[in-house]
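These protein sequences, in sequence, are chains A and B.
Everything in the first sequence is counted per full-length UniProt numbering, starting at 1 for the first residue and increasing by one.
Everything in the second sequence is counted per full-length UniProt numbering, starting at 1 for the first residue and increasing by one.
Take these hints with a grain of salt, some might be off.
Here chain A is said to cover these stretches of chain B; the calculated rule only asks that three of the stretch's residues, wherever they fall, bring their Cβ under 8 angstroms from a Cβ of chain A [to be verified]:
#, region
1, 44–53
2, 243–254
Straight-line Cα separation of at most 27 angstroms, DSS-like style, residue types lysine-lysine; simulated pairs [unchecked claim]:
#, chain 1, residue 1, chain 2, residue 2
3, A, K109, B, K264
4, A, K221, A, K109
5, A, K114, B, K264
Here are some chain A residues the structure puts well away from chain B; computed CB gaps all over 10 angstroms [as the list claims (entries may be wrong)]:
#, residue
6, P111
7, T116
8, N165
9, R195
10, G205
Rather than coming from a laboratory, the hints here were simulated on the basis of the structure.
Here the structure is a predicted model, which means the values were calculated and not measured.
Beta carbons are placed, not taken as given, at the ideal position from N, Cα and C, and that holds for glycine.
Chain by chain, the residues run as shown.
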Amino acid sequence: MKLSALKRPNGRIFTIGVPYLWLLLFFALPFLIVLKISFSSMAIAIPPYEAIFHYRDEVIEFALNIGNYILLMDDSLYVSAYLNSVKVAFISTLWCLILGYPMAYAIAKAPARKQTILLLLVMLPSWTSFLIRVYAWMGLISDTGLINTTLMSLGIIDDPLRIMNTNTAVYIGIVYAYLPFMVLPLYANLVKLDRSLLEAASDLGSRTLHSFWTITLPLSKGGIIAGSMLVFIPAVGEFVIPELLGGPNSLMIGKVLWQEFFNNRDWPVASALAIVMLLLLIIPIALFHRYQSRTMEANS
Amino acid sequence: MRKLGFSTIMLWVGLLFLYLPMLILVIYSFNASKLVTVWGGWSGKWYAELLKDEQIIDAVFTSLAIAFYSSCMAVILGTMAAFVMTRFRHSWAKMTLSNMITAPLVMPEVITGLSLLLLFVHMADLIGWPTERGMTTVWIAHSTFCAAYVAVVVSSRLREVDRSVEEAALDLGATPLQSFFLVTVPMITPALISGWLLAFSLSLDDLVIASFTSGPGSTTLPMVVFSSVRLGVSPKINALATLIILAVSLVALIAWYVAHRSQKRSMARINEE
Numbered sequence: 001m002k003l004s005a006l007k008r009p010n011g012r013i014f015t016i017g018v019p020y021l022w023l024l025l026f027f028a029l030p031f032l033i034v035l036k037i038s039f040s041s042m043a044i045a046i047p048p049y050e051a052i053f054h055y056r057d058e059v060i061e062f063a064l065n066i067g068n069y070i071l072l073m074d075d076s077l078y079v080s081a082y083l084n085s086v087k088v089a090f091i092s093t094l095w096c097l098i099l100g101y102p103m104a105y106a107i108a109k110a111p112a113r114k115q116t117i118l119l120l121l122v123m124l125p126s127w128t129s130f131l132i133r134v135y136a137w138m139g140l141i142s143d144t145g146l147i148n149t150t151l152m153s154l155g156i157i158d159d160p161l162r163i164m165n166t167n168t169a170v171y172i173g174i175v176y177a178y179l180p181f182m183v184l185p186l187y188a189n190l191v192k193l194d195r196s197l198l199e200a201a202s203d204l205g206s207r208t209l210h211s212f213w214t215i216t217l218p219l220s221k222g223g224i225i226a227g228s229m230l231v232f233i234p235a236v237g238e239f240v241i242p243e244l245l246g247g248p249n250s251l252m253i254g255k256v257l258w259q260e261f262f263n264n265r266d267w268p269v270a271s272a273l274a275i276v277m278l279l280l281l282i283i284p285i286a287l288f289h290r291y292q293s294r295t296m297e298a299n300s
Numbered sequence: 001m002r003k004l005g006f007s008t009i010m011l012w013v014g015l016l017f018l019y020l021p022m023l024i025l026v027i028y029s030f031n032a033s034k035l036v037t038v039w040g041g042w043s044g045k046w047y048a049e050l051l052k053d054e055q056i057i058d059a060v061f062t063s064l065a066i067a068f069y070s071s072c073m074a075v076i077l078g079t080m081a082a083f084v085m086t087r088f089r090h091s092w093a094k095m096t097l098s099n100m101i102t103a104p105l106v107m108p109e110v111i112t113g114l115s116l117l118l119l120f121v122h123m124a125d126l127i128g129w130p131t132e133r134g135m136t137t138v139w140i141a142h143s144t145f146c147a148a149y150v151a152v153v154v155s156s157r158l159r160e161v162d163r164s165v166e167e168a169a170l171d172l173g174a175t176p177l178q179s180f181f182l183v184t185v186p187m188i189t190p191a192l193i194s195g196w197l198l199a200f201s202l203s204l205d206d207l208v209i210a211s212f213t214s215g216p217g218s219t220t221l222p223m224v225v226f227s228s229v230r231l232g233v234s235p236k237i238n239a240l241a242t243l244i245i246l247a248v249s250l251v252a253l254i255a256w257y258v259a260h261r262s263q264k265r266s267m268a269r270i271n272e273e
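Full structure from sequences and hints, please.
As structure tokens, then:
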């Protein structure tokens, strides 16, 4: 009896302690290290940076180097990469919303039996390989790709459409890859919508389109925010899509970070890029979190 | 009425947009011609060639092993976190845990990958481990981000199940451990299975985080695919892509089916009551 009484609080501590320690070590601590490295300077060494703390003559010297951040602000390459990332992510999110909203709306309006199948059809592509889905577009939109060769053999165009290696290709890739993540939260929101409100509106003489703008759209705000954040946040840091579909002119910050790290081996600048990207994303992440905890509370 | 027509058309346009590129890729993987845009008749030779490629076969086994161990760890971590999120009293520790566990869902992969790599480098410096990056470091990285997805799946199931059964078990003298394994686990098994499968397919598919955290001897399949895809489209990669699409969607379909069936059952049970 005594033993089990002792075990109880230990069990609680164990249950919360194991995932807590794991996440502290492998999720929270790494960010602090990134922050630390972003303030050190590059060195030809292994690992390729200089320590911030020096222990010399029994005093700890502390050398903070903000040079990496100054570089990020001075060099137009980084500034334009950030601006382009936000622009590309924003426009792609907008396209996802334009395409995804009617899709979610149609699924939510379909008979309950069909809804699960339609939802599965939308989600299934997002479960297959991300890399492969981006790759699939390479064969379609390149200068000698299927779209261009077909259009040229039909005589519709004389010169190949230049899609590959442009921002347009990146938009297509992001919308294609992230569309299911827009549809899912929108559907979850729209399906819960109180139909009686729309019926009341139409009984009172409101036209369908008008009641859509004044009732459906405002009530699905939560779904729009969640879906948009699920697309926007990963799109800002996207690496695979700009690397494979975008050209040298469609710079995005995820790609720049990758190049700084793997090609230039400049770990401090890569870390500083990551920190600035995080700062940029704090507001969208907070927005998403607030929505998510609210739906969790509503469900429980 | 007209608006309904519009959204239905958009739904089919959207589905066509989602499936057509992959369908074309699958068709072209059977193309006999070496030129990717010229159709030279049906052939399965690229599949035969795939099987001869040792680098690809090695990578497949590395990826499968990492995905297996990662999804197991992710289920353990994710379930514990989900249990804390749904069954524990509100506290500061619970709040920070639920924030930390779901954060990887929206974290750009390059940041997660970079931060974990820097951690491993620091750990090697301070405690001498890991001496070399490889399967273990990728396993840690994948377990961490997959646990987030498992936690979401399992916690939504934990919210649904009837808590009075657990309470009854505790009242009748079961220890919390007994009540969890004998009462709670059987009720959430479908969620555990679909969480495991989801984690498995996520780990199998990850390129960015694996690229940061892996070492010389642990090249995963997406890393091999990526390095050849960078050079352009090739029929052999089309064949590999077809197999990956098939395998991953099969795993995903099973995961969906398991979750869907259990949801249906519990709905039926609620309706009976």
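Here is how each hint holds up against the structure:
1. Here's how the region 44–53 of chain B fares: 0 of its residues keep a CB closer than 8 angstroms to some CB of chain A, so the rule of at least three is not met and the hint is violated.
2. Counting residues of the region 243–254 of chain B whose C-beta lies closer than 8 angstroms to any C-beta of chain A gives 7; at least three are required, and the coverage claim holds.
3. In summary, the hint linking A/K109 to B/K264 is supported, as the alpha carbons are separated by about 20 angstroms, within the 27 angstroms threshold.
4. The straight-line distance between the Cα atoms of A/K221 and A/K109 is roughly 18 angstroms, inside the 27 angstroms bound, and the hint therefore holds.
5. Straight-line distance between C-alpha atoms of A/K114 and B/K264 comes to about 14 angstroms, which keeps the hinted pair within the 27 angstroms bound.
6. Even its closest Cβ contact with chain B, about 12 angstroms, leaves A/P111 beyond 10 angstroms, as expected for a residue assigned away from the interface.
7. Distance to chain B contradicts A/T116 as a non-interface residue, since its nearest Cβ pair spans about 7 angstroms, not more than 10 angstroms.
8. For A/N165, the condition that its CB be more than 10 angstroms from all CB atoms of chain B holds, with the nearest at approximately 12 angstroms.
9. The Cβ of A/R195 sits about 13 angstroms from the closest Cβ of chain B, beyond the 10 angstroms cut-off, so the non-interface label holds.
10. Residue placement check: A/G205 keeps its beta carbon more than 10 angstroms from all beta carbons of chain B (closest about 16 angstroms).
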